[in-house]
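Asker: Single-letter residue listing:
Protein chains: 4
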Amino acid sequence: MGSEFGKTLKISIFGQSHGAGIGVLMDGLPAGEEIDTNALQAFLDRRRPGKDPLSTARKETDVPRFLSGVLPAGEGKLLTCGAPLLAVLDNADQRSGDYDALRDTPRPGHADYTAWVKWKGYADMRGGGHFSGRLTAPLCAAGGIAKQILSRRGIAVGAHLASVGDAEDAPFPLYPAAELFQAVAEKPFPVLDDDAGERMRSLIAQARQDQDSVGGVVECAAVGVPAGLGEPMFEGVESRIAAVVFGIPAVKGVEFGAGFAASRLRGSENNDPFVWEQGAVRTTRNRAGGILGGITTGMPVVFRAAFKPTPSIARAQETVRLSYEEGAELRIPGRHDPCVAHRAVPVVEAAAAAVLLEMLLEGNHGTF
Amino acid sequence: MGSEFGKTLKISIFGQSHGAGIGVLMDGLPAGEEIDTNALQAFLDRRRPGKDPLSTARKETDVPRFLSGVLPAGEGKLLTCGAPLLAVLDNADQRSGDYDALRDTPRPGHADYTAWVKWKGYADMRGGGHFSGRLTAPLCAAGGIAKQILSRRGIAVGAHLASVGDAEDAPFPLYPAAELFQAVAEKPFPVLDDDAGERMRSLIAQARQDQDSVGGVVECAAVGVPAGLGEPMFEGVESRIAAVVFGIPAVKGVEFGAGFAASRLRGSENNDPFVWEQGAVRTTRNRAGGILGGITTGMPVVFRAAFKPTPSIARAQETVRLSYEEGAELRIPGRHDPCVAHRAVPVVEAAAAAVLLEMLLEGNHGTF
Amino acid sequence: MGSEFGKTLKISIFGQSHGAGIGVLMDGLPAGEEIDTNALQAFLDRRRPGKDPLSTARKETDVPRFLSGVLPAGEGKLLTCGAPLLAVLDNADQRSGDYDALRDTPRPGHADYTAWVKWKGYADMRGGGHFSGRLTAPLCAAGGIAKQILSRRGIAVGAHLASVGDAEDAPFPLYPAAELFQAVAEKPFPVLDDDAGERMRSLIAQARQDQDSVGGVVECAAVGVPAGLGEPMFEGVESRIAAVVFGIPAVKGVEFGAGFAASRLRGSENNDPFVWEQGAVRTTRNRAGGILGGITTGMPVVFRAAFKPTPSIARAQETVRLSYEEGAELRIPGRHDPCVAHRAVPVVEAAAAAVLLEMLLEGNHGTF
Amino acid sequence: MGSEFGKTLKISIFGQSHGAGIGVLMDGLPAGEEIDTNALQAFLDRRRPGKDPLSTARKETDVPRFLSGVLPAGEGKLLTCGAPLLAVLDNADQRSGDYDALRDTPRPGHADYTAWVKWKGYADMRGGGHFSGRLTAPLCAAGGIAKQILSRRGIAVGAHLASVGDAEDAPFPLYPAAELFQAVAEKPFPVLDDDAGERMRSLIAQARQDQDSVGGVVECAAVGVPAGLGEPMFEGVESRIAAVVFGIPAVKGVEFGAGFAASRLRGSENNDPFVWEQGAVRTTRNRAGGILGGITTGMPVVFRAAFKPTPSIARAQETVRLSYEEGAELRIPGRHDPCVAHRAVPVVEAAAAAVLLEMLLEGNHGTF
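Taken in sequence, the protein lines are chains A, B, C and D. The letter at position 136 of the first sequence is residue 226 when you use the numbering used here, and the numbering goes up by one with no holes. The letter at position 111 of the second sequence is residue 201 when you use the numbering used here, and the numbering goes up by one with no holes. The letter at position 253 of the third sequence is residue 343 when you use the numbering used here, and the numbering goes up by one with no holes. The letter at position 92 of the fourth sequence is residue 182 when you use the numbering used here, and the numbering goes up by one with no holes.
To be clear, the hints were calculated from the coordinates, so they are not data collected in a lab. Mixed in with the good hints, there may be bad ones.
Each pair may be met inside one copy or between any two copies, as identical chains are not told apart.
Quick list of in silico lysine-lysine cross-link-like pairs, DSS-like style, CA-CA up to 25 Å [as the list claims (entries may be wrong)]:
id, residue 1, residue 2
1, K149, K210
2, K149, K277
3, K97, K149
4, K167, K210
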């Protein structure tokens, strides 16, 4: 019951890493929205594995097939028809053999043990099953569609790799432009400062060489979001985005605006002064991350998500045998991402775009 | 529509800071649960204002009146009857006069502006209205009830003030005991290390003296939570807790286990090795914060929430006049909390307890 | 968890028949909506007991107290402020003594037995507890507010008593006018045809004389509902209204348009021919009850709800003793409604108005 | 957003009549549940078209392909693994040509007009699109799986065609047995009394001959449902079942137990006397349809759904041209079901089974 979010627009992810297919169901998309499948594919390709020496060697084309919810509109374009949209991504590369030996010895840092407890051994945990990072592909399909719809309303969502280990990228400027987002998206390594990117790549390469892995932080911004979106308390923009972003595998922290750093600031430093600019109320800085009281201010919505280091590492790890009360040493075969954070950049964008679209579709029922 | 959370157990907060009353509706509480109103009052008193030179001078007794959902059981005890429980806290101290001048000049860092946009000027923003920190009192009423119910199932929830500014408390031990939680709860200042507490109090006092405020971090833990609780993806324990904790005013970041620090670790450091201990699978450390794949491991659930500095500060701030396109200087009269984080400690506990109870009541439908 | 409905606008009912108070929480009302408390009281008075020899003698003033969500606007008017609205109705007349003897002998046709099973004896079933018809008063408070908001958008909701036993009122005309609704609402007995009303009153009086009770049917219509409201399948207008109307105590059937009679018609009789009238597409009859595929046609939304006879009757009934495996004869003391259907007329209106407002606030996201 | 129901178990239907495929996503199924695909196919075949001279000639094999949520268990058996289950039914027979001419002239009694309004002409209404009766096939897939799971807990769900036009079947006995359900299911025409069935078949054949159609009523029962299931008010069993059953195309009325007839009874006739039988509390009749106060009594849950006559009829009908303000005469080509009620029998069973499973999985949180 946990693989869906949204109310007016419901987005449901399905599939297991080594099952027949994975995908997403979107119920509540408005009709008449164009989907440019080429642009969508380009977005999906940003997270696709197998392109890069720093990623897993798993080969997947990840071309969505649409079973419902759209009508063809020529030249690689589709039009939504109002009915629920189902997109399927076939699983091509299923090397289940790699995992069979691991069933009784849960991998530290993975959901193997918790899934075993929850589903009493019935879980399909081949390749991580439904918990696999592979399930972020359909989230990207949904988010990629959301991005196209938002874009036509002047809302752009972008992200960059803010840090890997202790190597940090430059932060987004106060008003990141859609062009900046696009420029980052087109880079082979999604950073603002390519020198910082090189340092990050070195850290990742070193981790791989050490049969280890490393974590990172993704920073995401949405510009053009109108003021007044969100609800007080538990349906605020922060609550809604955080709930979805924590659903991305490996995320262990989410912060908005100054975030944890705000706890080390004074009020006079953290409060964003209001000013009139070009007929609009703005703030001279954006420590609030574009959100006050759960509701958008009209400034860019900015947040960061912390990704833990990939739990799959080649070096030996201590674990238990579940069938006997004894310990075990585990070596995880196969080739794994020594870092997931850089591939997670479009995934975080997708999550943010999906939530923002969903909240926009719910309407802003401040008044009727 | 944002002031409710939960599915099987729905918890809805209502009220404005300067309205007739505030309170909470709990729909879905099991019947036959005892509520010790004295223990509940003691819990509510932990966040009550007016007790302490470091807090606002607003005087509120905050004694909940139960209009429904309970039957008296003698000696200050109530028994839930299965019907929705409504608890009202009357607003005694409503100095609305303080705020009338502020209507046209939104306070930086507050929801004044966003509420004005959303509700087109119809919002009741006296004292922060529905966005006031005062609304955390009914959340504590709900959470205090949840804590009592959880306690009878061997689950204890506790928290401490992890930092104020750059003054840091000691972290929780690997297995915090219910007694430790109780000891912290009984302290006038909720820290593990009283020397650290003194440093924090100095920072707060200094901020007040400077007509300023300061932020902090609250760390919360729940022990005794069974393994296997939670769902994959968007209904994981992290998603569920984060959505509610971000609903607490002033929270700008939430992290589980190692959290953002995990992004600076290697996999070999961050993965928690599994071991058998006393017939149970445990981990030798708890970087995961008791959650893998959104599902509990049986280790303590540990998270931290970052609170921004109180936006209400006495010193002059730059803002705008909403009715004319011009700037304004704002001084916020009245006495305000120079830090909310220490009073937020029971609020974070309440949020965690409420979510965990809710998730336990939903059942763990791994198998049927 | 069952006493709430709605998504964008959530309406939650609380209270027990003999508790301190009952009421309703409305989370998601738009701000700036006027509530005329006099008009609201007049609506509530339509279902109030103790006015009429055909009703229970219980005396309740049923004047809602608003604890939150509104600001005074002069002359008995309130303005919603966007925050959740809480209205409390105090329970004045609580003759619990009448019910104490009944605890061990569940009343046939009441929820005594099912509540006892569900809540293991902890339920507060004095006077029917949370299942009491008294809980329809807060539903009327919510619906009365919804009716005022809808009325300002040209939507009128009205109802009449369509039948009692086999005595039938005239049906609504194809286009019932708001004035007709008002005229019925002002009658002491809410029918279109007063002669039919007299026959119904005779049947009710006769049932009372026989220490028995009688059922009836309420027909409700909403005019001015725009075409295109509702969703396919399980969120259609029929599904949404039925779910709430079945929440009214004693309702055992709900039908839209021709309803069950449609099952005895031919397609050529039941299909409503489309015609252009005054620049709008209409149908020449309304067998569909204004709904096709779950979505409104723009014709009046028409439905009927069947109320069973009041289960509380004075004559002896066969039941069981729960504490011993033995039978018992039960006589229910006190004075009860020999029919609930006539008092249920405003309740059905309230349910319909609340659902329609809720669906309108959700928006009609056919396109974006 | 309307094609999903359920909370703990979410069931989402997708697809259009003439799209690539239709299907169902089930999120929240317990793990370790066996699905007998042969039994499931037999159930699906009960609603499949093209078997019978009284049904549409559309040919569909309707064999579900499972993309996720299951693992093979040998001999046509699958085992659920806890992850969301996706079942796809490919659309084989898509004669879209038949419908192209109809775009501008909405078919009376169909959702053509309402979908056109809602989705501003972007809807895919070929063959009824997402509103097609064809979408009941995936509902049957979900319900067929639910029936298998319920059956292992001693709960049997069955239905029969209670009437066609004015030809009525015998009612279910007080305690219908699973064997009776099975016997009806195996009949070519799903009635209890085959003579009544013959009269119904004659009425259907006559309607076809008259280029017309006819409606009917399906009666459904669930036996073995434990007492205490359901919630008060808006989450009662009646509300939950009705919301889903009204989602089945052509349903215009739903009633439980005596239903509308209860409105013509006296309380002494309609109240079901409680008795002890074999150590259990039962009632001597079941006018309540197994539900009091929204909560199950332990008696069979019994309800009826009224189906309108098929709106697609061969004879000429009056409609409008949408593109010009003028009328039109419409003849619907192709071969259509002259009655849908007999094919709807398994669909109603499926809806009931799905809701009951969902409610059982939510737990009965009367006490904790």
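Asker: Is it within, between, both or neither when you check K149 against K210 at 25 Å Cα-Cα?
Answerer: For K149 and K210, neither the intra-copy (31 Å) nor the inter-copy (41 Å) Cα distance is at most 25 Å.
Asker: Have a look at K149 and K277 and pick one of within, between, both or neither, based on CA distance no larger than 25 Å.
Answerer: within (21 Å within a copy, 51 Å between copies)
Asker: At most 25 Å between alpha carbons: which applies to K97 and K149, within, between, both or neither?
Answerer: Cα proximity of K97 and K149: none, with 34 Å in one copy and 36 Å across.
Asker: Evaluate K167 and K210 at a C-alpha cut-off of 25 Å and name the case that applies: within, between, both or neither.
Answerer: Close across copies (19 Å), not inside one copy (45 Å); limit 25 Å.
Checked against the numbered hints above, the structure violates hints 1 and 3; every other hint is satisfied.
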